[in-house]
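From first to last, the protein sequence lines are chains A and B. Going by my numbering, 678 is the number at position 678 of the first sequence; the sequence numbering is gapless. Going by my numbering, 4 is the number at position 4 of the second sequence; the sequence numbering is gapless.
Since the hints were made in silico from the structure, they are not lab data. Treat the hints with care, as some may be off.
As the list claims (entries may be wrong) - Label pairs and their in silico Cβ distance ranges:
id, chain 1, residue 1, chain 2, residue 2, range
1, A, Leu671, B, Ser25, 36 to 42 Å
2, A, Asp126, B, Ile41, 50 to 56 Å
3, A, Ala591, B, Asp28, 33 to 39 Å
4, B, Leu4, A, Trp372, 31 to 37 Å
5, A, Ala663, B, Ile41, 37 to 43 Å
6, A, Ala146, B, Asp28, 23 to 29 Å
7, B, Ser25, A, Asp539, 50 to 56 Å
8, A, Val489, B, Ser25, 23 to 29 Å
9, B, Ile41, A, Arg42, 32 to 38 Å
10, B, Ser25, A, Ala447, 54 to 60 Å
Stated by the list, open to error - Part of the chain B face toward chain A, derived, beta carbon under 10 Å:
id, residue
11, Gly18
12, Glu32
13, Gly36
14, Ala38
15, Ile43
Unchecked claim - To be clear about the criterion: a stretch of chain B counts as covered by chain A if any three or more of its residues have a C-beta under 8 Å from a C-beta of chain A, and this derived list gives those stretches:
id, region
16, 3-12
17, 21-28
Small disclaimer: the values here were computed from a predicted structure and weren't measured. Beta carbons are placed, not taken as given, at the ideal position from N, Cα and C, and that holds for glycine.
Residues per chain are reported as follows:
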Amino acid sequence: MNAPAATFSAAADATACCTTRLAVPGIKCAGCIGKIERELPRTPGIHAARANLSTRQVAIRHDPALGQDALAAALLSLGFEAQPISDNPHSRDEAEQRRLLRALGVAGFGMMNVMLLSVSIWAGADGATRALFHWLSALIALPVIAYAGQPFFASAWAALSHRRTNMDVPIAIGVILASALSLYETISGGGHAYFESAVMLLFFLLAGRALDAMMRARTRAGIGALLSRMGKSASVIGPDGSTRRLDASELEPGMLVLLAAGEALAADGEVIAGTSTLDNAMLTGESRPEPVGPGSAVHAGAINLGAPLRIRLTRVAEDTALAEIARLMDEAGQARSRYVRIADRASRLYAPAVHSLAALAFVGWMLAGAGWHQALTIAIAVLIITCPCAMGLAVPAAQVVAAGALLKRGVLIKDGSALERLAECDVAVLDKTGTLTLGSPRAEIGALDPEARAVALGLAQASRHPLSRGLAESLRRAGVTPAAVEDIVETGGTGLAGIWQGVPVALERAQNESAELAASLCIGARHYTITFTDPLRPDAAEALAALRRMGLAPRLISGDRAGPVAALAAALGLEAEAEASPKAKLAALEALKASGQRPLMVGDGLNDGPALAAAHAAIAPGTASDASRQAADAVFLGETLMPVVHAVKVARRTMRIVRQNFAFAIAYNLLAVPLALAGLVTPLIAAIAMSASSLVVIANSLRLARSAQA
Amino acid sequence: MTGLAFLIPIALGMGLAGLAAFLWSLRDGQYEDLDGAAARILIEDEETGA
Numbered sequence: 001m002n003a004p005a006a007t008f009s010a011a012a013d014a015t016a017c018c019t020t021r022l023a024v025p026g027i028k029c030a031g032c033i034g035k036i037e038r039e040l041p042r043t044p045g046i047h048a049a050r051a052n053l054s055t056r057q058v059a060i061r062h063d064p065a066l067g068q069d070a071l072a073a074a075l076l077s078l079g080f081e082a083q084p085i086s087d088n089p090h091s092r093d094e095a096e097q098r099r100l101l102r103a104l105g106v107a108g109f110g111m112m113n114v115m116l117l118s119v120s121i122w123a124g125a126d127g128a129t130r131a132l133f134h135w136l137s138a139l140i141a142l143p144v145i146a147y148a149g150q151p152f153f154a155s156a157w158a159a160l161s162h163r164r165t166n167m168d169v170p171i172a173i174g175v176i177l178a179s180a181l182s183l184y185e186t187i188s189g190g191g192h193a194y195f196e197s198a199v200m201l202l203f204f205l206l207a208g209r210a211l212d213a214m215m216r217a218r219t220r221a222g223i224g225a226l227l228s229r230m231g232k233s234a235s236v237i238g239p240d241g242s243t244r245r246l247d248a249s250e251l252e253p254g255m256l257v258l259l260a261a262g263e264a265l266a267a268d269g270e271v272i273a274g275t276s277t278l279d280n281a282m283l284t285g286e287s288r289p290e291p292v293g294p295g296s297a298v299h300a301g302a303i304n305l306g307a308p309l310r311i312r313l314t315r316v317a318e319d320t321a322l323a324e325i326a327r328l329m330d331e332a333g334q335a336r337s338r339y340v341r342i343a344d345r346a347s348r349l350y351a352p353a354v355h356s357l358a359a360l361a362f363v364g365w366m367l368a369g370a371g372w373h374q375a376l377t378i379a380i381a382v383l384i385i386t387c388p389c390a391m392g393l394a395v396p397a398a399q400v401v402a403a404g405a406l407l408k409r410g411v412l413i414k415d416g417s418a419l420e421r422l423a424e425c426d427v428a429v430l431d432k433t434g435t436l437t438l439g440s441p442r443a444e445i446g447a448l449d450p451e452a453r454a455v456a457l458g459l460a461q462a463s464r465h466p467l468s469r470g471l472a473e474s475l476r477r478a479g480v481t482p483a484a485v486e487d488i489v490e491t492g493g494t495g496l497a498g499i500w501q502g503v504p505v506a507l508e509r510a511q512n513e514s515a516e517l518a519a520s521l522c523i524g525a526r527h528y529t530i531t532f533t534d535p536l537r538p539d540a541a542e543a544l545a546a547l548r549r550m551g552l553a554p555r556l557i558s559g560d561r562a563g564p565v566a567a568l569a570a571a572l573g574l575e576a577e578a579e580a581s582p583k584a585k586l587a588a589l590e591a592l593k594a595s596g597q598r599p600l601m602v603g604d605g606l607n608d609g610p611a612l613a614a615a616h617a618a619i620a621p622g623t624a625s626d627a628s629r630q631a632a633d634a635v636f637l638g639e640t641l642m643p644v645v646h647a648v649k650v651a652r653r654t655m656r657i658v659r660q661n662f663a664f665a666i667a668y669n670l671l672a673v674p675l676a677l678a679g680l681v682t683p684l685i686a687a688i689a690m691s692a693s694s695l696v697v698i699a700n701s702l703r704l705a706r707s708a709q710a
Numbered sequence: 001m002t003g004l005a006f007l008i009p010i011a012l013g014m015g016l017a018g019l020a021a022f023l024w025s026l027r028d029g030q031y032e033d034l035d036g037a038a039a040r041i042l043i044e045d046e047e048t049g050a
């Protein structure tokens with residue numbers, strides 16, 4: 001199974017070529033991996049390909065001459081849609097995850113070796129042997145603690161220097177005190193050293209941290225894989241008529257830009273020349289394309305569906321309608337950053353209780369006449385036994401299992417806090433276009449005979465125009481194999497033309513400009529009209545009923561016109577608000593929150609952005625705009641709406657498991673603390689109690705994997 | 001007792017070897033695609049002409 005890897009690295013060494021990573025959300029199984037790694041290198045210029053199933057990415061070794069577009073086209077010809085990855089924003093997460101895994105490995109090594117020595121001591125070694133074993137333990141444990149404990153020491157120090165406390169403060173204090181006392185015992189030749197407890201504590205806690213980091217990294221990679229670069233640059237026409245690509249941040253008012261078919265506009269402007277239709281769905285939620293001509297005002301984020309337009313920019317960067325939405329989102333998102341995670345809420349109560357208990361134990365035993373050494377030993381035993389080992393695992397273990405289960409069902413959860421908030425929602429607000437509906441034009445292909453279908457796919461797959469892509473998608477879904485159409489020429493605004501078996505064929509704009517989107521297919525003298533609709537997600541009604549059963553009354557807020565919204569709302573039996581601006585949506589969410597409810601927002605467009613950011617929890621479909629996916633807590637893939645229901649269901653189950661874990665950890669403390677206070681806890685008892693409680697918490701969390709599948 | 005002089009270094013050496021192997025596999029990227037590793041076993045090898 002390592003053969004492809006070997007080929008990949010061998011090719012990497014052989015030539016001076018470069019590597020490009022592409023996001024390919026469609027990789028799902030061994031067959032996909034095999035197909036990509038086997039077929040892709042047959043494309044001239046591509047040396048090797050390596051697919052990563054976990055992150056849904058493909059790394060391609062290729063000649064520098066081959067651009068990202070050519071690579072994406074090669075993948076598309078294999079049936080996989082690919083998108084370039086924006087400059088790696090995940091490397092920081094990856095580095096953190098690696099650091100945690102390294103620390104975990106070191107702690108594991110230390111734990112096993114120190115335990116080996118400790119077991120011999122518990123088995124009865126004494127005198128010179130015990131002293132030797134204590135010294136060896138110290139030699140192993142101290143460097144291990146210094147290295148593997150860093151994440152906790154750093155976090156505890158950061159909390160303390162802000163005069164706050166968190167879960168890491170009792171951990172850091174417990175570990176440092178236990179190590180110091182054990183070192184003293186070792187030097188003075190005493191009987192009890194707690195090195196194995198300290199190292200084992202670090203190992204279990206690092207396991208929880210590493211799980212948490214892996215969950216975040218995996219989901220970020222998934223969401224990053226979906227990010228596209230739409231509308232972030234523009235073709236600027238110079239005074240001499242030449243065009244060059246400029247980044248959106250470099251655009252200035254007064255510039256003349258060329259907006260090609262299928263391209264998104266990067267700034268606000270006014271049309272100078274050309275007539276076309278624009279898709280404003282991302283910006284307004286309006287599903288019907290808007291016809292524009294010279295003099296029309298156009299906004300950033302609009303996608304050109306027809307002929308190329310020349311546009312004079314009026315407002316750029318901070319001043320665009322888009323930036324206004326971004327500003328609203330920023331403000332609305334403030335509330336969410338104030339949300340306190342359940343683990344932190346628990347530690348606010350827990351940490352002071354543990355510290356005062358340990359201090360009381362010390363004072364109590366001193367007053368009772370024990371020496372300071374014995375009193376300190378007991379106080380440290382209390383700290384170690386109460387150290388939130390099971391607590392540290394209680395939340396991440398359950399959340400990681402849940403996130404893994406949801407990923408398998410096409411839902412990417414951003415982090416643990418998202419699961420906590422999702423579980424608390426009690427009302428659902430949904431957008432129409434792109435959320436309840438698919439949001440992309442789908443062709444009605446029922447009227448086409450098999451031959452026409454094959455030709456239509458042969459033509460449509462050559463173009464990136466939204467209608468062509470919608471048509472190709474519908475045809476591929478119907479299992480059509482493309483006909484070999486040759487000499488394909490794409491004329492902006494008119495359509496595609498080519499030759500198939502000596503007959504001229506064309507896919508063109510429909511002759512009659514009706515309200516509906518349509519295209520016409522010509523094969524020789526035959527003409528077919530293909531209409532496009534934006535259909536409802538197939539299980540929308542079912543998913544809404546399920547939400548209602550779970551106590552999340554669904555309601556519709558759309559930016560679309562009142563007519564279609566009312567018709568849809570009536571069909572689905574929803575309360576609806578139409579023609580809502582981004583501000584109105586935000587206001588509706590704020591009103592729900594003010595009335596004490598916790599809204600779940602499901603939306604995709606930029607116009608939903610502020611509402612997504614303001615909601616208690618938010619979910620966006622994978623086809624949503626970049627900004628909306630960033631604002632959402634979870635992203636669901638595919639054509640069905642059911643993943644939203646699953647996400648809420650699994651989030652609620654997760655919180656139930658987390659609460660059980662906490663209940664167990666507290667029950668365990670109620671049993672163990674009196675023993676520790678009484679001075680009866682030896683290093684052996686501490687070690688057994690710690691591993692037993694951690695294992696129970698992990699086992700309980702693993703139950704989620706099974707229940708999440710149901 | 002003299003056995004300890006051999007056994008302890010051996011135990012430590014094996015532990016260190018395990019740690020080194022783990023750190024190497026981490027650096028080598030063997031944990032980057034766990035799902036993929038599980039799926040790759042199912043790929044049929046007959047035409048890996050690539």
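Now the hints, each set against the structure:
Look at leucine 671 of chain A against serine 25 of chain B: about 40 Å separates their beta carbons, and that is inside 36 to 42 Å. One distance hint, 50 to 56 Å for the beta-carbon pair aspartate 126 of chain A and isoleucine 41 of chain B, holds here, with the actual separation near 52 Å. Restraint check, alanine 591 of chain A to aspartate 28 of chain B: a C-beta distance of roughly 55 Å breaks the suggested window 33 to 39 Å. In this structure the hint that leucine 4 of chain B and tryptophan 372 of chain A lie 31 to 37 Å apart at CB holds, the actual value being about 34 Å.
Between alanine 663 of chain A and isoleucine 41 of chain B the CB atoms are about 41 Å apart, so this pair conforms to the stated range of 37 to 43 Å. The given range of 23 to 29 Å is respected by alanine 146 of chain A and aspartate 28 of chain B, whose C-beta atoms sit roughly 26 Å from each other. In this structure the supplied range 50 to 56 Å is violated for serine 25 of chain B paired with aspartate 539 of chain A, their Cβ-Cβ distance being about 43 Å. A C-beta distance of roughly 52 Å is found between valine 489 of chain A and serine 25 of chain B, which places it outside the suggested range of 23 to 29 Å.
With their beta carbons about 24 Å apart, isoleucine 41 of chain B and arginine 42 of chain A fall outside the hinted range of 32 to 38 Å. The beta-carbon spacing between serine 25 of chain B and alanine 447 of chain A, approximately 57 Å, falls within the hinted interval of 54 to 60 Å. Look at glycine 18 of chain B: its Cβ gets to within about 7 Å of chain A, closer than 10 Å, so that hint holds up. At a threshold of 10 Å, the smallest CB-CB gap from glutamate 32 of chain B to chain A is about 6 Å, leaving the interface hint in force.
Among the interface hints, the one on glycine 36 of chain B holds; its C-beta lies about 4 Å from the nearest C-beta in chain A, closer than the 10 Å criterion. Given the 10 Å rule on beta carbons, the hint for alanine 38 of chain B holds: about 8 Å separates it from the nearest Cβ of chain A. Using the Cβ-Cβ criterion of 10 Å, the hint placing isoleucine 43 of chain B at the interface with chain A is satisfied: the shortest such distance is roughly 4 Å. Coverage of the region 3-12 of chain B by chain A holds. Counting CB-CB distances below 8 Å, 4 residues qualify, and the rule asks for three or more.
Counting residues of the region 21-28 of chain B whose CB lies closer than 8 Å to any CB of chain A gives 3, which reaches the minimum of 3, so the coverage claim holds.
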